[in-house]
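K.L.:
Residue strings, one per chain:
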Amino acid sequence: MAKTLSAVATEVQVRLGDTAAAVWTAAEIKRYLKEAYAIIAARTECFWKEEALNDAASTANITQPWEEQYLPTGSTLLGVFTYTADWELDYIEGSVYGPTNHTATWEITNSYVPFIGKGAYDLPDALIQIERATWDNRRIDPLFSSELENLDAQYHTRTGSPQGYIMDKDGLRILRKVPVPSASASGSDNNFKIEYTRKGTAVSADGDSFELPNRYTKYLRHYACYRCLEREGLGQDMGLAEFYRGRYEAGVGRMFRRKQLFNQRRNVVMGGSSERLSRPPLARMPFHYGRVVQ
Amino acid sequence: MNFSDMQTEVFARLEESSSSPRFFSLAQVKEALNDGLEEISDATEWFERNRAVPHVADQLYYDLTTSLGSDQILTPKHAFNNQTNRWLEFKSARDLDNERLEWETVTGEEEKCLLRGLWWFGIFPHSSTATGSFTLYYTAIPPSMVEDADSPNFPEEYQYGLIEYAIGDLRAQERNYDDALRHFNEYLRYEQGLAHYVQGRVSRDRMNYFRG
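Going line by line, the protein sequences match chains A and B.
Each residue of the first sequence is one higher than the one before, counting from 2 in my numbering.
Each residue of the second sequence is one higher than the one before, counting from 1206 in my numbering.
Next up, chain B with everything else stripped away, as it sits in the complex (with noise of 0.2 Å):
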C-alpha cells in the first residue's frame, strides 16, 4: 500500500471524493498519514539505521541529535569501533568509576561506551584526535512520505493502522471526539500487532538454552 493509495482510503471512509475534497484538504490527510507514521515508528521502534560517527579530539561525550545527521534517533542499540572492528561494551559511568581511576582522561581506541540523558553518548577510551569513527546502529523516526508511491517499509498488514489514526486524528480535528476515540481505539491494536512483529522476529527459532 502505497501514500496514494492510503489518501484515498481515508477519503473514502470519510465519505469525501478524493479529487475534490470538500471538507478536509489533501494536505490535512497526509499531515495525519505522516503523524500515524510517526507514532506508530516511536512505539514500535521497527525503523534500524546505522552511521558511522567521526571521532571529534578530545570529546567523550557526542550529542546523537546532532552527530547522526538528524535528531530521528530513538534508541541507540549496539556499537562498533571502525579501527578494531570490535563492538563496544555497554557501561555506566558508575561501572568506570568502579573499574579505573580518572577514567575520563584516558585516550585511545574506544572499547565502551555510555549514555548520559537521552542523547550524550558516551565512548572510553576516547580519541585525543579527529581521525577515525565509530558506527552506531540505532532504532529512529523514518522519513515522511511525500511521493505518492511512497510506502512505508514495514508489512502491509500493520499499514491500515496509520488510516485508522488519520481518520480518528481528522475525527478529532471537527470535534467529532466519540468517531475519533473508536478510530484511536482501532489504530491501537495495529500498533500492539507491530510492536509484537518486531519484537518476536527471532524468537521462534531461538533456542531456549537458559531455563531449558
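So here's chain A without its partners, still in its complex pose (with noise of 0.2 Å):
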C-alpha cells in the first residue's frame, strides 16, 4: 500500500520532533515532500509510460482552448485550430493547430472532405523526456527544426508517412510529425507511440498516494528534514540537515546507479561489432556547401 502525502509529512513531523507543528508547519512539509517528489522522477527518471499518438485526421471543433468550456453538453473536444488553408498562415498569428476542413469525425470518415493530416499533437502534462518514438513499430528520429529547413524547405506542408519528429518550435509539449501524415492509423498500421519518462502520479490532497514504492518515499521524508533543519530560525540545525541532505543524496544516487547497472549488464563482445541494421542516407548536403572554398 503506497504512502499518502499526510502520512508521509507525520512521519516529517516525527523525526523533526515537532508532531505540534509549532516550528514547521504541515503546509511546509508537503511542500517539500511534493517538491522532492518532483525532483527525484527527474533526476532518476524512475517512471516510464508508452503512449499512442496515432496518425489523424486535423479535426477540430474549437478555435481558442478557452471554448472548451461552452461545448454542448455530450459533446467532446476535438481539437483547436486557427486556420483552415495554409495560405492563411500569411494573415494570421500564433498558429499551430490546423489547417483543419471539418469539425466532426463523421465527416472524414463519410469522406465527405479530403482527407488533411494532423501534424501538431498535444505532449502529456505528465512527460519529462521523449526516450523513443516509434512510427508503425520501427524507430523514427528526433530532428532539429533547423535541421528540417536545410533539407526540406517545405517539410511543414509535406505530407506522407512520418519519418521524424521535431519539439522545438511549436511550444512546448507540442510535437510534430514530419511530414505530415496523409492517413489515419487504422489497426496496427500507421500507429505513432511514444515512450516517455514522466513525473509521478500527482499528489495535491491528504490522501493522494505517492506512485513511489514505500521504499523510496523515505527519500522523500530525507530532503523534507533536511529542509525544514536548514532553514533559518527556529529548529535550526545546519548539522543534521547535512546528515539528512547526505541520506537523500545517497538514495537518489542508489536509484540512478538500479538503472545505470542493467545497462552495464549488457553483453559487449570486445572486437566484435553488433549487427546494424543500415539507415538510407538522408539527402543532406556537404558540410561547406555553398561557402567559398580555398
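Careful: at least some of the hints might be erroneous.
[What the hints assert, rightly or not] Subject to a maximum C-alpha distance of 30 Å in a straight line, what follows is the list of computed DSS-like cross-link-like pairs (lysine-lysine):
{"#": "1", "chain 1": "A", "residue 1": "Lys-200", "chain 2": "A", "residue 2": "Lys-260"}
{"#": "2", "chain 1": "A", "residue 1": "Lys-170", "chain 2": "A", "residue 2": "Lys-31"}
{"#": "3", "chain 1": "B", "residue 1": "Lys-1317", "chain 2": "A", "residue 2": "Lys-50"}
{"#": "4", "chain 1": "B", "residue 1": "Lys-1282", "chain 2": "A", "residue 2": "Lys-50"}
{"#": "5", "chain 1": "A", "residue 1": "Lys-35", "chain 2": "B", "residue 2": "Lys-1235"}
[As the list claims (entries may be wrong)] Covered by chain A, per the in silico footprint, the following chain B stretches (three or more residues, Cβ under 8 Å):
{"#": "6", "segment": "1206-1219"}
{"#": "7", "segment": "1237-1251"}
{"#": "8", "segment": "1278-1290"}
{"#": "9", "segment": "1315-1328"}
Derived from the structure by calculation, the hints contain no laboratory data.
None of these values were measured; they are calculated from a predicted model.
Just so it is clear, CB atoms sit at the ideal spot from N, CA and C, and this is done for glycine as well.
Please assemble the complex out of the two chains, which come individually in their own frames, going by the hints.
P.N.:
Here it is, written out as C-alpha cells:
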C-alpha cells in the first residue's frame, strides 16, 4: 500500500520532534515533500510510460482553448484549430494547429471532405522526456527544426509517412510529425507511439498516495527533514540538515545507479561489432556547401 | 542478535527501562529499528530473492512493483527463461532497434530483456499466450522484524548498525540533534562495512585473468 502525503508528512514531523507543528507547519512540510517527489522523478527517470499518438485527420471543433467550457453537453473536445487553409498562414499570428477542414469525425469517416493530416500533437502534461518514438513499430528520429529547414524547405506542409518528429518550434509539449501524416492509423498500421519518462501520479490532497514504492518515500522524508532543518529560524540545525541531505542524495544516487546497472550488464563483445541495420542515407548537403573553398 | 535483544540494547543505551519505558514507547523503538533495517538493506542490497513471473498474453513490459507480489524490489539482477532453461541477455531498446525492425511485434520464447524506467521490465520476444514464465533474480527490502525472535539474516557484527540508527532516529525525535548526528555517523560505518562484505563475497577466491 503506497503511503499518502499526510502519512509521510506525519513521519517528518515525528523525526523532527515537532508533532504539534509548532516550528514547521504541515503545509510547509508537504510542499517540501512534493518538491522532492518531482525532483526524484526528473533526476532518476524512474517513471516510464508508453502512449499512442496515432496518425489522425486534423479534426477540431474550437478555435481557442477557453471555448472548451462552452461546448454543448455531450460534445467532446476534438481539437483546436486556427486556420482552414495553408495560405491563411500569411494573415494570422501564433498558429500551431491546423489547417482543419472539418469539425466532426463523421465528416472524415464518411469521406465528405478531403483528408488533411494532423501535424501537431499535444504531449501529456506528465511528460519529462521522450525516450523513443515509433511509427508503424519502427523507431523514428527526433530532429531539430533548423536541420529540417536545410533539408526540406517545405517540410511543414509536405505529407507522407512520418519519418521523424520535432519538438523545438511550436511551443513546449507539442510534437510535430514530419512529414504530416497522409492517412489515419487503422489497426496496427500507421500507429505512432511515444515512450517517455514522466512525473509520478499527481499528489495534492492529504489522502493522495505517492506512486513511489514505500521504500522510496523515505527519500522524500529525508529531503523534507533537510529543508526544514536548514531553514533559518527556530529549529535550524545545519549539522543534522547536512546529514539528511546526504541521505537524500545517497538515496537518489542509488536509484540512478540501479538504472545504470542494468545497462552495464549488457553483453559487449570486445573486438566484435554489433549487428546493425543500415538506414538509407539522408539527402544532406556537404558541410561546406555554399562556402568559398580555397 | 534477535529483535528482542536489539530492543533491550536500544532501551539500555537510552537509559530507559525496557519493561516500563517512560519517554520512548516500545512501538517507537521497534519502528526505529525496522527503519534502520530498511535503510541498511537499501544501501547494501544484501537481501537477494527470486520469483517466477507468469507470462501475460501479448505483454511486452511487466511492472516489477506489482508482478513480484510486492513493491520491495531494488534491482533486477538476472532473468531466466523457464521454458528454454537459458538466462536472458540484458539489452537496451536501442540495441534491439539496431538488431531488428519491428522487434516489439515479435512473439516467441524470450531471449533478451530490457528495463524501462526503474520498474518496467521488458522481454524480447514476448509471449503471445498466458502460458509459461520467466524467473527474475533481484535484490529487495527484507520483511520487517515483527516477532521477538526475528533477526536480520546478515552477519551479527553489522547488526549493531541498526541499534545506532534507531538511537539516532529517536534522539532526533526528542530534538537532541547533536546526539542524533553522532549516532547516525556511527551507523554509516556499519553500513559501509556491510556494503563491502556484500560486494566482496567472491573477490578473494577469484583469479584476475583480465589484467593479469
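K.L.:
Work down the list of hints and note, for each, if the structure agrees.
P.N.:
Cross-check of the supplied hints:
In summary, the hint linking Lys-200 (chain A) to Lys-260 (chain A) is supported, as the alpha carbons are separated by about 17 Å, within the 30 Å threshold. A hinted pair counts as satisfied when its Cα atoms are at most 30 Å apart, and Lys-170 (chain A) with Lys-31 (chain A) does not qualify at roughly 36 Å. For the hint pairing Lys-1317 (chain B) with Lys-50 (chain A), the CA-to-CA distance comes to about 20 Å; that is within 30 Å, so the pair holds. With a C-alpha separation of about 22 Å, the suggested pair Lys-1282 (chain B) and Lys-50 (chain A) falls inside the 30 Å cut-off, and the hint holds.
As the CA atoms of Lys-35 (chain A) and Lys-1235 (chain B) are separated by approximately 28 Å, the hinted pair is consistent with the 30 Å bound. Coverage of the segment 1206-1219 of chain B by chain A is violated in this model, with 0 residues showing a Cβ closer than 8 Å to a Cβ of that chain against a need of three. Three residues within the 8 Å Cβ limit are the bar, and the segment 1237-1251 of chain B against chain A gives 5, so the coverage statement holds. Taking a C-beta to C-beta cut-off of 8 Å, the segment 1278-1290 of chain B contributes 4 residues in contact with chain A, enough for the three needed, and the coverage statement holds.
For the segment 1315-1328 of chain B, the stated coverage by chain A is satisfied: 7 residues place a CB nearer than 8 Å to a CB of that chain, which reaches the threshold of 3.
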